[in-house]
Amino acid sequence: MRVLGINSLFHDPAAALIVDGRVVAAAEEERFSRRKHGKRPVPFSAWELPELSARWCLDRAGLDPSGLDAVAYSYDPELALPADQLGLNDPWDRLRQEYAREAPGFLAEALPGLDPEKVRFVPHHVAHAASAGQASPYPDCAVLVLDGRGECGSHLAGRYTGRRLDVLAAQSLPDSMGLFYEELTEHLGFLRSSDEFKVMALASYGKPRFLDELRRYVGTDGEGRFRARSVPWAELAPPRPAGEPWTEEHADLAASAQACLEEVLLGLAGWLHERTGERVLTLAGGVALNCVANTRLHREGPFDTVWVQPAAGDAGTALGAALHVAHLQEPVEAMPTAALGREWSVPELRAWLERAAVPYEEPEDIAETVAEELARDGIVAWFQGRSEYGPRALGHRSLLAHPGRAANLERLNAVKGREEFRPVAPMVLAERAAELFDGPLPSPYMLFVHEVAEAWRARIPAVVHVDGTARIQTVDRSGEPLVARMIEGFERRTGLPVVVNTSLNTAGRPMVDDPRDALECFGSAPVDLLALGPFAVRRAEVFA
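Just so we're aligned, residue 7 is where the sequence shown starts under the working numbering, counting upward by one.
Calculated directly from the structure, the hints in this document are not laboratory data. These figures come from a predicted structure and were not determined experimentally. Any given hint might turn out to be false.
As the list claims (entries may be wrong) - Computed beta-carbon distance windows for the label pairs:
#, residue 1, residue 2, range
1, 339, 484, 14 to 20 Å
2, 474, 254, 18 to 24 Å
3, 487, 229, 47 to 53 Å
4, 88, 383, 33 to 39 Å
5, 444, 546, 24 to 30 Å
6, 474, 255, 19 to 25 Å
Where a beta carbon is used, it is the ideal one built from N, C-alpha and C, also for glycine.
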(Lines of atoms letter the chains of each structure in order from A; the text may use other names.)
(Lines give C-alpha, C1' and ligand atoms only; values in the text may rest on other atoms or scores of the structure.)
Protein backbone atom coordinates (compact mmCIF):
# COMPACT_ATOMS: atom_id res chain seq x y z
CA MET A 7 0.00 0.00 0.00
CA ARG A 8 1.50 3.34 -1.12
CA VAL A 9 -0.25 6.37 0.33
CA LEU A 10 0.71 10.01 -0.15
CA GLY A 11 -0.59 12.36 2.56
CA ILE A 12 -1.36 15.99 1.72
CA ASN A 13 -2.06 18.98 3.94
CA SER A 14 -2.83 22.24 2.17
CA LEU A 15 -6.11 23.89 3.10
CA PHE A 16 -5.26 26.17 6.04
CA HIS A 17 -1.53 26.61 6.62
CA ASP A 18 1.77 24.73 6.81
CA PRO A 19 1.23 22.70 3.62
CA ALA A 20 3.15 19.44 3.72
CA ALA A 21 3.40 15.98 2.20
CA ALA A 22 4.17 12.55 3.66
CA LEU A 23 4.54 9.09 2.16
CA ILE A 24 3.68 5.72 3.66
CA VAL A 25 4.86 2.58 1.86
CA ASP A 26 3.80 -0.84 3.15
CA GLY A 27 2.84 0.63 6.51
CA ARG A 28 6.17 2.42 7.04
CA VAL A 29 6.87 6.16 7.09
CA VAL A 30 9.27 6.79 4.21
CA ALA A 31 9.32 10.58 3.97
CA ALA A 32 7.64 13.71 5.31
CA ALA A 33 8.42 17.34 4.57
CA GLU A 34 6.91 20.80 4.77
CA GLU A 35 6.47 22.89 1.66
CA GLU A 36 8.11 25.93 3.27
CA ARG A 37 11.47 24.16 3.24
CA PHE A 38 11.28 23.97 -0.57
CA SER A 39 9.46 27.20 -1.46
CA ARG A 40 11.28 29.28 1.21
CA ARG A 41 7.99 30.94 2.24
CA LYS A 42 7.48 30.82 6.01
CA HIS A 43 4.63 28.42 6.84
CA GLY A 44 4.24 27.78 3.10
CA LYS A 45 1.40 30.29 2.78
CA ARG A 46 -0.92 32.43 4.87
CA PRO A 47 -4.07 30.69 6.21
CA VAL A 48 -6.59 32.70 4.19
CA PRO A 49 -9.30 31.31 1.87
CA PHE A 50 -7.61 32.81 -1.18
CA SER A 51 -4.56 30.59 -0.64
CA ALA A 52 -6.46 27.34 -0.11
CA TRP A 53 -5.88 26.15 -3.67
CA GLU A 54 -2.10 26.09 -3.16
CA LEU A 55 -0.76 22.54 -2.90
CA PRO A 56 2.54 21.22 -1.52
CA GLU A 57 3.69 20.30 -5.00
CA LEU A 58 7.43 20.46 -4.31
CA SER A 59 7.36 18.41 -1.12
CA ALA A 60 4.96 15.89 -2.66
CA ARG A 61 7.20 15.36 -5.68
CA TRP A 62 10.21 14.98 -3.42
CA CYS A 63 8.44 12.34 -1.30
CA LEU A 64 7.66 10.35 -4.43
CA ASP A 65 11.20 10.74 -5.74
CA ARG A 66 12.57 9.55 -2.40
CA ALA A 67 10.71 6.27 -2.85
CA GLY A 68 11.29 6.04 -6.60
CA LEU A 69 7.56 6.30 -7.27
CA ASP A 70 5.52 7.89 -10.03
CA PRO A 71 2.12 9.41 -9.13
CA SER A 72 0.46 6.67 -11.17
CA GLY A 73 1.94 4.11 -8.76
CA LEU A 74 0.10 5.46 -5.73
CA ASP A 75 -2.73 3.45 -4.24
CA ALA A 76 -4.24 6.49 -2.54
CA VAL A 77 -3.74 10.17 -1.77
CA ALA A 78 -5.01 11.19 1.67
CA TYR A 79 -6.16 14.82 1.91
CA SER A 80 -6.43 16.09 5.48
CA TYR A 81 -9.81 17.79 5.25
CA ASP A 82 -13.28 16.55 4.31
CA PRO A 83 -15.42 19.28 2.70
CA GLU A 84 -18.53 17.11 3.02
CA LEU A 85 -18.38 17.65 6.79
CA ALA A 86 -18.09 21.44 6.57
CA LEU A 87 -20.81 24.04 7.10
CA PRO A 88 -20.90 27.70 5.98
CA ALA A 89 -18.84 29.92 8.26
CA ASP A 90 -21.83 31.99 9.42
CA GLN A 91 -23.58 28.81 10.60
CA LEU A 92 -20.45 28.00 12.62
CA GLY A 93 -20.44 31.42 14.28
CA LEU A 94 -17.28 32.49 12.45
CA ASN A 95 -16.71 35.85 10.79
CA ASP A 96 -15.10 34.58 7.58
CA PRO A 97 -17.19 35.65 4.56
CA TRP A 98 -14.75 34.16 2.06
CA ASP A 99 -14.64 30.72 3.68
CA ARG A 100 -16.86 29.44 0.87
CA LEU A 101 -13.81 29.71 -1.40
CA ARG A 102 -11.88 27.47 0.96
CA GLN A 103 -14.63 24.84 0.81
CA GLU A 104 -14.81 25.04 -2.97
CA TYR A 105 -11.06 24.57 -3.30
CA ALA A 106 -11.24 21.57 -0.97
CA ARG A 107 -13.96 19.97 -3.08
CA GLU A 108 -11.83 20.48 -6.18
CA ALA A 109 -8.66 19.11 -4.57
CA PRO A 110 -8.66 15.79 -6.48
CA GLY A 111 -8.51 17.64 -9.79
CA PHE A 112 -5.90 20.09 -8.53
CA LEU A 113 -3.75 17.22 -7.29
CA ALA A 114 -4.02 15.36 -10.60
CA GLU A 115 -2.93 18.54 -12.36
CA ALA A 116 0.02 19.04 -9.99
CA LEU A 117 1.10 15.39 -10.09
CA PRO A 118 0.69 14.20 -13.70
CA GLY A 119 -0.31 10.56 -13.86
CA LEU A 120 -2.32 10.62 -10.65
CA ASP A 121 -5.86 9.27 -10.91
CA PRO A 122 -8.09 11.83 -9.11
CA GLU A 123 -10.36 8.96 -8.06
CA LYS A 124 -7.60 7.84 -5.69
CA VAL A 125 -7.91 10.96 -3.53
CA ARG A 126 -9.48 10.23 -0.13
CA PHE A 127 -10.76 13.00 2.14
CA VAL A 128 -9.81 12.48 5.79
CA PRO A 129 -11.52 14.58 8.50
CA HIS A 130 -9.05 17.20 9.71
CA HIS A 131 -9.08 16.22 13.37
CA VAL A 132 -8.95 12.52 12.55
CA ALA A 133 -5.77 13.28 10.57
CA HIS A 134 -4.38 15.18 13.57
CA ALA A 135 -5.32 12.29 15.86
CA ALA A 136 -3.64 9.71 13.61
CA SER A 137 -0.46 11.80 13.54
CA ALA A 138 -0.33 11.24 17.30
CA GLY A 139 -2.03 7.94 18.11
CA GLN A 140 -0.88 6.01 15.06
CA ALA A 141 2.56 7.62 14.73
CA SER A 142 3.46 7.25 18.40
CA PRO A 143 5.22 4.19 19.87
CA TYR A 144 1.98 3.33 21.73
CA PRO A 145 -0.65 1.29 19.80
CA ASP A 146 -3.05 1.68 22.74
CA CYS A 147 -3.39 5.24 24.02
CA ALA A 148 -5.70 8.18 24.61
CA VAL A 149 -5.52 11.02 22.10
CA LEU A 150 -6.33 14.70 22.48
CA VAL A 151 -6.40 17.17 19.58
CA LEU A 152 -6.83 20.94 19.91
CA ASP A 153 -6.25 23.54 17.21
CA GLY A 154 -7.87 26.57 15.61
CA ARG A 155 -10.45 24.81 13.49
CA GLY A 156 -11.25 21.91 11.24
CA GLU A 157 -14.42 21.38 9.22
CA CYS A 158 -16.88 22.22 12.02
CA GLY A 159 -14.90 21.75 15.20
CA SER A 160 -11.74 22.61 17.07
CA HIS A 161 -11.10 19.54 19.21
CA LEU A 162 -11.23 15.76 19.33
CA ALA A 163 -10.82 13.42 22.27
CA GLY A 164 -10.55 9.71 21.70
CA ARG A 165 -8.87 6.40 22.25
CA TYR A 166 -6.68 4.24 20.05
CA THR A 167 -6.85 0.49 20.53
CA GLY A 168 -4.50 -1.43 18.28
CA ARG A 169 -4.05 1.87 16.38
CA ARG A 170 -7.79 2.10 15.61
CA LEU A 171 -9.61 5.25 16.71
CA ASP A 172 -12.76 5.55 18.79
CA VAL A 173 -13.89 9.20 19.00
CA LEU A 174 -15.28 10.00 22.44
CA ALA A 175 -15.85 13.77 22.30
CA ALA A 176 -15.50 16.74 19.98
CA GLN A 177 -16.01 20.47 20.34
CA SER A 178 -18.02 22.43 17.79
CA LEU A 179 -17.04 25.85 16.54
CA PRO A 180 -16.95 28.74 17.32
CA ASP A 181 -15.52 27.55 20.65
CA SER A 182 -11.81 27.03 20.01
CA MET A 183 -8.73 27.15 22.22
CA GLY A 184 -6.60 27.61 19.12
CA LEU A 185 -8.60 30.65 17.99
CA PHE A 186 -8.53 31.99 21.57
CA TYR A 187 -4.73 31.96 21.52
CA GLU A 188 -4.55 33.23 17.92
CA GLU A 189 -6.71 36.25 18.78
CA LEU A 190 -4.41 37.12 21.67
CA THR A 191 -1.37 36.71 19.43
CA GLU A 192 -2.79 39.31 17.05
CA HIS A 193 -3.81 41.62 19.93
CA LEU A 194 -0.24 41.54 21.23
CA GLY A 195 1.15 42.70 17.88
CA PHE A 196 2.44 39.35 16.60
CA LEU A 197 1.52 37.51 13.41
CA ARG A 198 -1.59 35.41 13.88
CA SER A 199 -1.37 31.70 13.03
CA SER A 200 2.41 32.01 13.13
CA ASP A 201 3.77 33.67 16.27
CA GLU A 202 1.78 32.00 19.04
CA PHE A 203 5.02 30.63 20.49
CA LYS A 204 6.11 34.23 21.13
CA VAL A 205 3.07 34.71 23.37
CA MET A 206 4.09 31.59 25.30
CA ALA A 207 7.60 33.00 25.79
CA LEU A 208 6.28 36.43 26.79
CA ALA A 209 3.98 34.82 29.38
CA SER A 210 7.00 33.91 31.51
CA TYR A 211 7.59 37.64 32.11
CA GLY A 212 4.09 38.28 33.49
CA LYS A 213 1.64 37.37 36.24
CA PRO A 214 -1.80 35.82 35.55
CA ARG A 215 -3.74 38.69 37.09
CA PHE A 216 -6.44 38.60 34.39
CA LEU A 217 -7.16 34.88 34.87
CA ASP A 218 -10.46 35.29 36.73
CA GLU A 219 -11.71 37.60 33.98
CA LEU A 220 -10.73 35.12 31.25
CA ARG A 221 -12.57 32.33 33.07
CA ARG A 222 -15.80 34.16 32.25
CA TYR A 223 -15.21 33.27 28.59
CA VAL A 224 -13.21 30.02 28.73
CA GLY A 225 -13.57 26.78 30.69
CA THR A 226 -14.44 23.07 30.51
CA ASP A 227 -17.95 21.63 30.86
CA GLY A 228 -17.03 18.39 32.63
CA GLU A 229 -18.25 16.31 29.68
CA GLY A 230 -15.11 16.30 27.55
CA ARG A 231 -15.82 19.63 25.88
CA PHE A 232 -15.25 23.31 26.63
CA ARG A 233 -16.40 26.83 25.95
CA ALA A 234 -14.00 29.39 24.47
CA ARG A 235 -15.72 32.46 23.13
CA SER A 236 -14.21 35.66 21.81
CA VAL A 237 -12.59 37.74 24.56
CA PRO A 238 -12.73 41.58 24.62
CA TRP A 239 -8.96 41.74 24.91
CA ALA A 240 -8.77 45.54 24.68
CA GLU A 241 -10.80 45.86 27.88
CA LEU A 242 -7.99 44.03 29.71
CA ALA A 243 -4.91 45.52 28.07
CA PRO A 244 -4.40 47.88 25.12
CA PRO A 245 -3.37 46.34 21.80
CA ARG A 246 0.34 46.45 21.07
CA PRO A 247 1.21 47.85 17.64
CA ALA A 248 3.56 45.51 15.80
CA GLY A 249 7.17 46.38 16.48
CA GLU A 250 6.42 48.51 19.54
CA PRO A 251 7.82 47.60 23.00
CA TRP A 252 5.71 45.30 25.14
CA THR A 253 4.56 46.38 28.59
CA GLU A 254 3.87 44.69 31.91
CA GLU A 255 0.17 44.65 31.00
CA HIS A 256 0.94 42.72 27.80
CA ALA A 257 3.07 40.19 29.66
CA ASP A 258 0.37 39.76 32.33
CA LEU A 259 -2.28 39.20 29.68
CA ALA A 260 -0.09 36.56 28.02
CA ALA A 261 0.50 34.88 31.39
CA SER A 262 -3.24 34.88 32.12
CA ALA A 263 -4.15 33.35 28.76
CA GLN A 264 -1.43 30.74 29.14
CA ALA A 265 -2.76 29.75 32.57
CA CYS A 266 -6.30 29.62 31.19
CA LEU A 267 -5.21 27.32 28.36
CA GLU A 268 -3.44 25.03 30.81
CA GLU A 269 -6.55 24.77 33.00
CA VAL A 270 -8.66 23.71 30.02
CA LEU A 271 -6.11 21.09 28.95
CA LEU A 272 -5.98 19.64 32.46
CA GLY A 273 -9.78 19.48 32.59
CA LEU A 274 -10.04 17.73 29.22
CA ALA A 275 -7.23 15.31 30.07
CA GLY A 276 -8.87 14.44 33.40
CA TRP A 277 -12.17 13.61 31.69
CA LEU A 278 -10.44 11.59 28.98
CA HIS A 279 -8.50 9.56 31.54
CA GLU A 280 -11.70 8.79 33.45
CA ARG A 281 -13.32 7.54 30.25
CA THR A 282 -10.40 5.46 28.97
CA GLY A 283 -8.18 4.49 31.90
CA GLU A 284 -5.25 4.63 29.50
CA ARG A 285 -1.72 5.14 30.78
CA VAL A 286 -0.51 7.14 27.76
CA LEU A 287 -1.86 10.40 26.35
CA THR A 288 -0.84 11.43 22.83
CA LEU A 289 -1.27 15.01 21.64
CA ALA A 290 -1.57 16.79 18.29
CA GLY A 291 -2.99 19.99 16.86
CA GLY A 292 -1.33 23.39 16.99
CA VAL A 293 -2.07 23.78 20.71
CA ALA A 294 0.16 20.74 21.36
CA LEU A 295 3.18 22.84 20.33
CA ASN A 296 2.72 24.78 23.59
CA CYS A 297 5.52 23.10 25.54
CA VAL A 298 4.70 24.93 28.78
CA ALA A 299 1.17 23.54 28.75
CA ASN A 300 2.46 20.09 27.82
CA THR A 301 4.72 20.12 30.86
CA ARG A 302 1.91 21.05 33.20
CA LEU A 303 -0.13 18.19 31.73
CA HIS A 304 2.76 15.86 32.46
CA ARG A 305 3.23 17.15 36.02
CA GLU A 306 -0.37 17.53 37.14
CA GLY A 307 -2.39 15.40 34.72
CA PRO A 308 -3.54 11.82 35.35
CA PHE A 309 -1.53 10.13 32.57
CA ASP A 310 1.81 8.41 33.22
CA THR A 311 3.20 9.35 29.80
CA VAL A 312 2.49 12.27 27.47
CA TRP A 313 3.72 11.87 23.87
CA VAL A 314 3.50 14.83 21.48
CA GLN A 315 3.74 14.66 17.69
CA PRO A 316 6.86 16.70 16.73
CA ALA A 317 4.94 18.12 13.74
CA ALA A 318 1.86 18.72 15.87
CA GLY A 319 0.58 21.63 13.76
CA ASP A 320 -1.22 21.28 10.45
CA ALA A 321 1.90 20.01 8.70
CA GLY A 322 1.52 16.82 10.73
CA THR A 323 -1.91 16.13 9.26
CA ALA A 324 -0.22 15.08 6.01
CA LEU A 325 1.38 12.22 7.92
CA GLY A 326 -1.76 11.54 9.95
CA ALA A 327 -4.01 11.38 6.90
CA ALA A 328 -1.64 8.96 5.16
CA LEU A 329 -1.40 6.75 8.25
CA HIS A 330 -5.18 6.74 8.67
CA VAL A 331 -5.84 5.66 5.07
CA ALA A 332 -3.00 3.13 5.04
CA HIS A 333 -4.20 1.54 8.28
CA LEU A 334 -7.59 0.84 6.74
CA GLN A 335 -5.81 -1.80 4.62
CA GLU A 336 -2.75 -2.91 6.61
CA PRO A 337 -0.90 -2.43 9.91
CA VAL A 338 1.19 0.73 10.17
CA GLU A 339 4.41 1.34 12.08
CA ALA A 340 5.22 4.21 14.42
CA MET A 341 7.25 7.07 12.95
CA PRO A 342 10.89 6.16 13.59
CA THR A 343 12.25 9.70 13.93
CA ALA A 344 11.48 13.32 13.10
CA ALA A 345 14.38 13.30 10.60
CA LEU A 346 12.18 12.46 7.61
CA GLY A 347 13.22 15.17 5.13
CA ARG A 348 15.93 15.73 2.54
CA GLU A 349 19.59 14.74 2.80
CA TRP A 350 22.69 14.91 0.59
CA SER A 351 25.61 12.56 0.07
CA VAL A 352 29.19 13.61 0.81
CA PRO A 353 30.02 13.96 -2.93
CA GLU A 354 26.92 16.11 -3.40
CA LEU A 355 27.87 18.37 -0.50
CA ARG A 356 31.42 18.70 -1.82
CA ALA A 357 30.01 19.69 -5.23
CA TRP A 358 27.92 22.42 -3.59
CA LEU A 359 31.03 23.84 -1.90
CA GLU A 360 33.03 23.69 -5.10
CA ARG A 361 30.25 25.40 -7.00
CA ALA A 362 30.07 28.14 -4.38
CA ALA A 363 33.87 28.61 -4.67
CA VAL A 364 34.37 28.91 -0.91
CA PRO A 365 37.44 27.62 0.94
CA TYR A 366 36.63 24.56 3.03
CA GLU A 367 38.37 21.79 4.91
CA GLU A 368 37.56 18.16 5.59
CA PRO A 369 38.70 17.45 9.16
CA GLU A 370 39.16 13.96 10.53
CA ASP A 371 36.05 14.36 12.70
CA ILE A 372 33.66 17.28 12.17
CA ALA A 373 32.21 16.70 15.64
CA GLU A 374 35.58 17.49 17.26
CA THR A 375 36.13 20.50 15.00
CA VAL A 376 32.75 21.92 16.00
CA ALA A 377 33.33 21.17 19.69
CA GLU A 378 36.60 23.13 19.51
CA GLU A 379 34.93 26.08 17.81
CA LEU A 380 32.11 26.14 20.37
CA ALA A 381 34.61 25.98 23.23
CA ARG A 382 36.23 29.11 21.75
CA ASP A 383 32.79 30.75 21.91
CA GLY A 384 32.18 30.57 18.18
CA ILE A 385 28.70 30.22 16.68
CA VAL A 386 28.29 27.18 14.45
CA ALA A 387 25.77 26.44 11.70
CA TRP A 388 25.21 22.68 11.86
CA PHE A 389 23.85 20.94 8.72
CA GLN A 390 23.77 17.15 9.03
CA GLY A 391 21.68 14.26 7.72
CA ARG A 392 17.97 14.41 6.93
CA SER A 393 16.07 17.58 7.78
CA GLU A 394 13.49 17.62 10.55
CA TYR A 395 9.72 17.33 10.11
CA GLY A 396 8.07 19.96 12.29
CA PRO A 397 9.09 23.37 13.63
CA ARG A 398 11.92 22.30 15.95
CA ALA A 399 15.61 22.04 15.08
CA LEU A 400 16.65 18.68 16.51
CA GLY A 401 20.33 18.47 15.66
CA HIS A 402 20.11 18.36 11.89
CA ARG A 403 19.56 22.01 10.93
CA SER A 404 20.77 23.94 13.99
CA LEU A 405 22.67 26.98 15.20
CA LEU A 406 24.96 25.96 18.06
CA ALA A 407 26.70 28.04 20.73
CA HIS A 408 28.38 27.97 24.16
CA PRO A 409 25.77 27.81 26.98
CA GLY A 410 28.15 29.14 29.63
CA ARG A 411 28.18 32.68 28.21
CA ALA A 412 25.07 34.60 29.30
CA ALA A 413 25.58 37.06 26.45
CA ASN A 414 25.07 34.30 23.90
CA LEU A 415 21.29 34.50 24.28
CA GLU A 416 21.29 38.13 23.14
CA ARG A 417 23.97 37.31 20.58
CA LEU A 418 21.95 34.50 18.98
CA ASN A 419 18.74 36.53 18.98
CA ALA A 420 20.68 39.28 17.22
CA VAL A 421 22.10 36.79 14.69
CA LYS A 422 18.58 35.56 13.97
CA GLY A 423 17.01 39.02 14.11
CA ARG A 424 14.33 38.10 16.63
CA GLU A 425 12.85 39.44 19.89
CA GLU A 426 15.11 39.73 22.94
CA PHE A 427 12.72 37.78 25.20
CA ARG A 428 12.91 34.61 23.08
CA PRO A 429 14.80 31.73 24.75
CA VAL A 430 17.21 29.26 23.16
CA ALA A 431 17.38 25.58 23.97
CA PRO A 432 19.93 23.17 25.44
CA MET A 433 20.94 19.86 23.85
CA VAL A 434 22.07 17.23 26.34
CA LEU A 435 22.82 13.52 26.18
CA ALA A 436 19.81 11.52 27.36
CA GLU A 437 21.78 9.73 30.06
CA ARG A 438 22.99 13.03 31.53
CA ALA A 439 19.74 15.00 31.39
CA ALA A 440 18.45 14.13 34.87
CA GLU A 441 21.57 15.62 36.46
CA LEU A 442 20.68 19.07 35.11
CA PHE A 443 16.97 19.16 34.35
CA ASP A 444 13.74 18.17 36.11
CA GLY A 445 10.89 17.28 33.79
CA PRO A 446 9.65 14.65 31.31
CA LEU A 447 12.56 12.48 30.21
CA PRO A 448 13.58 11.61 27.60
CA SER A 449 12.53 14.68 25.62
CA PRO A 450 13.84 14.13 22.07
CA TYR A 451 11.48 16.54 20.28
CA MET A 452 11.88 19.71 22.41
CA LEU A 453 8.17 19.81 23.33
CA PHE A 454 8.36 20.20 27.11
CA VAL A 455 10.03 22.64 29.48
CA HIS A 456 12.23 21.52 32.38
CA GLU A 457 13.32 23.13 35.61
CA VAL A 458 17.05 23.78 35.51
CA ALA A 459 18.80 22.45 38.61
CA GLU A 460 19.88 25.29 40.91
CA ALA A 461 23.52 24.17 40.81
CA TRP A 462 23.57 24.49 36.99
CA ARG A 463 21.74 27.77 36.40
CA ALA A 464 24.83 29.93 36.79
CA ARG A 465 26.92 27.50 34.74
CA ILE A 466 24.68 27.43 31.65
CA PRO A 467 22.96 30.85 31.79
CA ALA A 468 22.42 31.19 28.03
CA VAL A 469 19.77 28.44 28.04
CA VAL A 470 17.95 29.36 31.28
CA HIS A 471 14.72 31.26 30.66
CA VAL A 472 13.57 34.05 32.98
CA ASP A 473 11.41 31.58 34.94
CA GLY A 474 14.30 29.16 35.57
CA THR A 475 13.25 26.65 32.92
CA ALA A 476 14.70 25.36 29.65
CA ARG A 477 13.08 23.66 26.66
CA ILE A 478 15.56 20.82 26.34
CA GLN A 479 16.33 18.26 23.68
CA THR A 480 17.70 14.96 24.89
CA VAL A 481 20.07 13.20 22.50
CA ASP A 482 20.12 9.41 22.23
CA ARG A 483 23.64 8.44 21.21
CA SER A 484 22.43 5.33 19.36
CA GLY A 485 20.22 7.41 17.09
CA GLU A 486 22.41 10.53 16.88
CA PRO A 487 26.04 9.39 17.24
CA LEU A 488 27.52 12.47 15.54
CA VAL A 489 25.64 14.92 17.76
CA ALA A 490 26.58 12.85 20.82
CA ARG A 491 30.28 13.00 19.89
CA MET A 492 30.07 16.75 19.43
CA ILE A 493 28.47 17.26 22.87
CA GLU A 494 31.05 14.99 24.50
CA GLY A 495 33.87 16.83 22.77
CA PHE A 496 32.51 20.13 24.04
CA GLU A 497 32.27 18.78 27.61
CA ARG A 498 35.88 17.58 27.53
CA ARG A 499 36.96 21.10 26.69
CA THR A 500 34.62 23.07 28.96
CA GLY A 501 33.21 20.78 31.63
CA LEU A 502 29.68 21.55 30.37
CA PRO A 503 27.57 18.64 29.07
CA VAL A 504 25.19 21.01 27.24
CA VAL A 505 25.28 22.85 23.92
CA VAL A 506 22.96 25.69 22.87
CA ASN A 507 20.67 24.67 20.01
CA THR A 508 18.32 26.91 18.05
CA SER A 509 16.94 26.58 14.54
CA LEU A 510 19.20 27.34 11.59
CA ASN A 511 17.37 30.30 10.09
CA THR A 512 16.89 34.02 10.48
CA ALA A 513 13.68 35.79 11.50
CA GLY A 514 10.82 35.41 9.05
CA ARG A 515 12.59 32.68 7.08
CA PRO A 516 11.92 28.94 7.12
CA MET A 517 14.49 26.65 8.64
CA VAL A 518 17.44 25.93 6.35
CA ASP A 519 16.83 22.75 4.37
CA ASP A 520 19.26 22.33 1.46
CA PRO A 521 22.96 23.21 1.04
CA ARG A 522 22.19 26.41 -0.86
CA ASP A 523 20.06 27.61 2.06
CA ALA A 524 22.90 26.79 4.46
CA LEU A 525 25.47 28.70 2.43
CA GLU A 526 23.16 31.70 2.04
CA CYS A 527 22.44 31.80 5.77
CA PHE A 528 26.15 31.45 6.57
CA GLY A 529 26.96 34.29 4.19
CA SER A 530 24.35 36.67 5.57
CA ALA A 531 24.61 36.06 9.32
CA PRO A 532 27.64 36.42 11.63
CA VAL A 533 28.24 32.68 12.02
CA ASP A 534 31.82 31.60 12.66
CA LEU A 535 31.76 28.09 11.20
CA LEU A 536 29.50 26.11 8.89
CA ALA A 537 29.57 22.35 9.45
CA LEU A 538 28.14 21.03 6.17
CA GLY A 539 28.25 17.27 6.51
CA PRO A 540 31.91 16.35 7.10
CA PHE A 541 33.15 19.72 5.79
CA ALA A 542 33.99 22.88 7.69
CA VAL A 543 33.72 26.38 6.23
CA ARG A 544 35.21 29.17 8.36
CA ARG A 545 34.04 32.78 8.19
CA ALA A 546 37.56 34.07 8.77
CA GLU A 547 38.71 32.31 5.60
CA VAL A 548 35.71 33.05 3.41
CA PHE A 549 35.72 36.75 4.24
CA ALA A 550 39.47 37.22 4.69
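Outcome of the hint check:
no.: 1; hint: 339 to 484: 14 to 20 Å; verdict: holds (18 Å)
no.: 2; hint: 474 to 254: 18 to 24 Å; verdict: holds (20 Å)
no.: 3; hint: 487 to 229: 47 to 53 Å; verdict: holds (49 Å)
no.: 4; hint: 88 to 383: 33 to 39 Å; verdict: violated (58 Å)
no.: 5; hint: 444 to 546: 24 to 30 Å; verdict: violated (40 Å)
no.: 6; hint: 474 to 255: 19 to 25 Å; verdict: holds (23 Å)
The structure is inconsistent with the numbered hints 4, 5, although it conforms to all the rest.
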